[in-house]
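Protein chains: 2
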Amino acid sequence: MQTIIQPGRAEWEALCQRPKIQGLNLDELTQQVFKEIERDGDRAIYKYTALFDGIVPQSLKLTPAEIAECAAKTPEELQQAIQVAKANIEKFHGLQKETISYVETTPGVVCWRESRAIEKVGIYIPGGSAPLFSTVLMLAIPARIAGCKQIVLCTPPGQDGKINDAILYAAQITGVTEVYAVGGIQAIGAMAIGTESVPKVDKIFGPGNQYVTAAKQMAVRYGTTIDLPAGPSEVLVIADDTVNPEYIAADLLSQAEHGPDSQVLLLSTDKAVAEDTLVALNRQVDRLPRKDIALKTLKNSKVIVLNTIEECIAFSNMYAPEHLIIAGDTAENYIDRVVNAGSVFLGNYSCESAGDYASGTNHTLPTNGYAKSCSGVSLDSFIKKITFQKITPAGLQNIGPAIAVMAKAEQLDAHSNAVTIRLKDLKNV
Amino acid sequence: MQTIIQPGRAEWEALCQRPKIQGLNLDELTQQVFKEIERDGDRAIYKYTALFDGIVPQSLKLTPAEIAECAAKTPEELQQAIQVAKANIEKFHGLQKETISYVETTPGVVCWRESRAIEKVGIYIPGGSAPLFSTVLMLAIPARIAGCKQIVLCTPPGQDGKINDAILYAAQITGVTEVYAVGGIQAIGAMAIGTESVPKVDKIFGPGNQYVTAAKQMAVRYGTTIDLPAGPSEVLVIADDTVNPEYIAADLLSQAEHGPDSQVLLLSTDKAVAEDTLVALNRQVDRLPRKDIALKTLKNSKVIVLNTIEECIAFSNMYAPEHLIIAGDTAENYIDRVVNAGSVFLGNYSCESAGDYASGTNHTLPTNGYAKSCSGVSLDSFIKKITFQKITPAGLQNIGPAIAVMAKAEQLDAHSNAVTIRLKDLKNV
Numbered sequence: 153m154q155t156i157i158q159p160g161r162a163e164w165e166a167l168c169q170r171p172k173i174q175g176l177n178l179d180e181l182t183q184q185v186f187k188e189i190e191r192d193g194d195r196a197i198y199k200y201t202a203l204f205d206g207i208v209p210q211s212l213k214l215t216p217a218e219i220a221e222c223a224a225k226t227p228e229e230l231q232q233a234i235q236v237a238k239a240n241i242e243k244f245h246g247l248q249k250e251t252i253s254y255v256e257t258t259p260g261v262v263c264w265r266e267s268r269a270i271e272k273v274g275i276y277i278p279g280g281s282a283p284l285f286s287t288v289l290m291l292a293i294p295a296r297i298a299g300c301k302q303i304v305l306c307t308p309p310g311q312d313g314k315i316n317d318a319i320l321y322a323a324q325i326t327g328v329t330e331v332y333a334v335g336g337i338q339a340i341g342a343m344a345i346g347t348e349s350v351p352k353v354d355k356i357f358g359p360g361n362q363y364v365t366a367a368k369q370m371a372v373r374y375g376t377t378i379d380l381p382a383g384p385s386e387v388l389v390i391a392d393d394t395v396n397p398e399y400i401a402a403d404l405l406s407q408a409e410h411g412p413d414s415q416v417l418l419l420s421t422d423k424a425v426a427e428d429t430l431v432a433l434n435r436q437v438d439r440l441p442r443k444d445i446a447l448k449t450l451k452n453s454k455v456i457v458l459n460t461i462e463e464c465i466a467f468s469n470m471y472a473p474e475h476l477i478i479a480g481d482t483a484e485n486y487i488d489r490v491v492n493a494g495s496v497f498l499g500n501y502s503c504e505s506a507g508d509y510a511s512g513t514n515h516t517l518p519t520n521g522y523a524k525s526c527s528g529v530s531l532d533s534f535i536k537k538i539t540f541q542k543i544t545p546a547g548l549q550n551i552g553p554a555i556a557v558m559a560k561a562e563q564l565d566a567h568s569n570a571v572t573i574r575l576k577d578l579k580n581v
Numbered sequence: 153m154q155t156i157i158q159p160g161r162a163e164w165e166a167l168c169q170r171p172k173i174q175g176l177n178l179d180e181l182t183q184q185v186f187k188e189i190e191r192d193g194d195r196a197i198y199k200y201t202a203l204f205d206g207i208v209p210q211s212l213k214l215t216p217a218e219i220a221e222c223a224a225k226t227p228e229e230l231q232q233a234i235q236v237a238k239a240n241i242e243k244f245h246g247l248q249k250e251t252i253s254y255v256e257t258t259p260g261v262v263c264w265r266e267s268r269a270i271e272k273v274g275i276y277i278p279g280g281s282a283p284l285f286s287t288v289l290m291l292a293i294p295a296r297i298a299g300c301k302q303i304v305l306c307t308p309p310g311q312d313g314k315i316n317d318a319i320l321y322a323a324q325i326t327g328v329t330e331v332y333a334v335g336g337i338q339a340i341g342a343m344a345i346g347t348e349s350v351p352k353v354d355k356i357f358g359p360g361n362q363y364v365t366a367a368k369q370m371a372v373r374y375g376t377t378i379d380l381p382a383g384p385s386e387v388l389v390i391a392d393d394t395v396n397p398e399y400i401a402a403d404l405l406s407q408a409e410h411g412p413d414s415q416v417l418l419l420s421t422d423k424a425v426a427e428d429t430l431v432a433l434n435r436q437v438d439r440l441p442r443k444d445i446a447l448k449t450l451k452n453s454k455v456i457v458l459n460t461i462e463e464c465i466a467f468s469n470m471y472a473p474e475h476l477i478i479a480g481d482t483a484e485n486y487i488d489r490v491v492n493a494g495s496v497f498l499g500n501y502s503c504e505s506a507g508d509y510a511s512g513t514n515h516t517l518p519t520n521g522y523a524k525s526c527s528g529v530s531l532d533s534f535i536k537k538i539t540f541q542k543i544t545p546a547g548l549q550n551i552g553p554a555i556a557v558m559a560k561a562e563q564l565d566a567h568s569n570a571v572t573i574r575l576k577d578l579k580n581v
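Those protein sequences? They're chains A and B, same order as listed. Mapping the first sequence onto my numbering, position 378 (from 1) lands on 530, and the numbers just tick up by one. Mapping the second sequence onto my numbering, position 391 (from 1) lands on 543, and the numbers just tick up by one.
Worth flagging that the hints you see were computed from the coordinates, not collected in a lab. Among these hints, one or two may not hold up.
In this list, chains with the same sequence are indistinguishable; a pair is considered to hold if it fits within one copy or across any two.
Claimed, not checked - Okay, derived cross-link-like pairs now, BS3-like style, lysine-lysine, Cα gap no bigger than 25 Å in a straight line: (1) K213 <-> K443; (2) K249 <-> K537; (3) K213 <-> K352; (4) K537 <-> K243; (5) K238 <-> K225; (6) K352 <-> K537; (7) K352 <-> K187; (8) K314 <-> K199; (9) K314 <-> K537.
Using the sequences provided together with the hints, build the complete structure.
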């Protein structure tokens, strides 16, 4: 990690730059796969699963019996841990439901909003080394609370053609309505377009590699929306002299192990704390199974010493981190100053991995600076809010003249007519 | 308009298809303009304003004196109408503020969300024949209520180099912080990238033609987010035998005059009402200044006779209209059945133009079927919700073991360590 001592404000913007990622150009490949799915349906899905994953699945959809059988194999201790997380995620997201507020903006003009669940949602869970059952919880639980009718889960089969037991356990207990053993571009394409086996959905959620990201961007052109713009995971930790450097080091490493393109930043008001954290970091990293990944991340990462916590928060707002840990005893004093962040962890015992798994908050969050304009996934992500209005004859007499004047001024005469034709009748009553 | 009598369910999906729009491929042009803005800043803006708009502006930013001078020229009657609309839009959007709910998901684990305004927002207002000052109200008012610090408005100058008076009046009274006389791709590019004159913003709002739409898509690749996917405007009207066909005809035309790619649909349970509406439509359209546009829209449009209002709503949910008018005396009985729509107008006096201008609801709404997964613009569009959590030592002892088990099962040992290193210390206390 590079250490920078008290950089001037003029240098902050450059320090906030994320490492540039040399992305593949996958537009053409994605377009081809999507076009074949449009034309050939399931046949294209089988073809690309064989080509990309080296597997010829017997069928795409898992039967309830297959799901139940595998789910039951999840170790008892893990089942219990998942239930703890599930209960907390349900509590936190359950309270995000909105009640309806009716507003009479003018006598006779009543307006309000009502929430409706998005009917069909798709959840993508990546394959690879780690089975991300926690992401199943983070997406399927709010979908279920929102009332989504169809909750479709796609995840690539392993080399044995099977799906991880814990992913199926999480799917089973959260109300996922169907599971398909398909991954990558072809999974996203199937959910965006619909095939004989896989239903077309209205919105697609979930993380993935560059291929999945490119496919989600393509899905938008097919009329499907997506959860969030993609980007590598990141944490920014603010530490004063009341923190434990061992804890800070552990928190930085928990982010660094995610992937080699992650970024971790430590801002400290105390040079000794910064140094002690680096010492602890170097010791702790050695014992990690994912040491190589963590070391690559640390190369992109920085320790910055600033004068005050206020300065650290100002820097953090410019960076807009996905995860912000304000460690130390006075963390809560700074809540109001936080403007741009995905999720904030306060004090010495609120470690990021709590929010990643089990405290109840969602772990699908805006990265790459998108925290400036995006929220993380919540119940809101699974609903639309529809506006309603009911105008009485008296109400239209109150606001109608203003509408007619404005419409005429915008040269939209038919808009004006729709009001005046009614007002004329009301005058004659 | 094409009339279809009692189509079978199997035909509905085809009837719900929007007219295909033959779009230009503007990727290359947009990319070029954006790259030049990155390289040349304002110089590129002047170049493309001269090239596309045929104007060489003296400066891009309007001074407060220029804004005030033009705004004051807005006719008194129009100023008053705009004030009526403003008051209602403020009332409706002001009530969308959320209070904070703290949730103790497990003893010692407190989670909550807080809203923060997006700091810098950009509003694009198209030029052309009609000065869309109403869109200034619909975007700047919620931005101001949300607390956005910088509300940037870009709109192309007319051939005289000036901006429409009413647009500037609306900007002035709604708290727009700066106005730039720049339009098209170069306006969106300027707000996405930032130049010497025009600030980079976090999110871009507002309607526009194909060029603006392409530029908004490009802006997303530059880390800016946008309000909604674009699409032509549309209305679906549901009418039984308690409606006034003259009113329905006027409502259909108020949508049809928007642009030749708009679409209007009339679903009726009463064949005579459908016929009478068509007669009224043909009479009313003749008197419209925008008759040619309206007639083009009507060619893409359909009258469909169905058996019951329930069937009409089911069809409407499949179509997912931007605007849904449920005319007739019993409209309110069907509210709960509406699942997919942008904004709903109930009864014989809630005409769409009320919502377009002055009832208080927002007129920036999801089109082209996106109402299945998107809400219209609201206060929510100008804020992010940040999650916070504060975990006490006891709280971490409660949920820590579950986190450690889950992290280990996902093969993320550093995530597990961040918890166990703290739990170990707590055991030793």
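At 25 Å max between alpha carbons, let me know whether K238 reaches K225 within a copy, between copies, both or neither.
Within one copy, since 19 Å is at most 25 Å while 61 Å is not.
Identical-chain pair category, K249 with K537, by Cα at 25 Å:
Answer is both; intra-copy 11 Å and inter-copy 14 Å each pass.
Between copies, within a copy, both or neither: which fits K352 and K187 at Cα up to 25 Å?
within (15 Å within a copy, 36 Å between copies)
Could you figure out if K314 and K199 sit no more than 25 Å apart (CA to CA) within one copy, between two copies, both or neither?
Within one copy only: 18 Å inside a chain, 58 Å across chains, cut-off 25 Å.
Under a CA distance limit of 25 Å, which applies to K352 and K537: within one copy, between copies, both, or neither?
within (22 Å within a copy, 29 Å between copies)
From the Cα coordinates, with 25 Å as the cut-off, is the pair K213 and K443 best called within, between, both, or neither?
Answer is neither: 37 Å inside a copy and 53 Å across each miss the 25 Å cutoff.
Given identical chains, is K537 near K243, meaning Cα to Cα at most 25 Å, within a copy, between copies, both, or neither?
Both: 22 Å inside a chain and 17 Å across chains, each within 25 Å.
For K314 vs K537, is the C-alpha pair at or below 25 Å within one copy, between two copies, both, or neither?
neither (39 Å within a copy, 38 Å between copies)
How would you label the pair K213, K352 (within, between, both, or neither) given a Cα cut-off of 25 Å?
Within one copy only: 14 Å inside, 46 Å across.
Figure legend: structure checked against the earlier numbered hints; hints not met, in rising order: 1 and 9.
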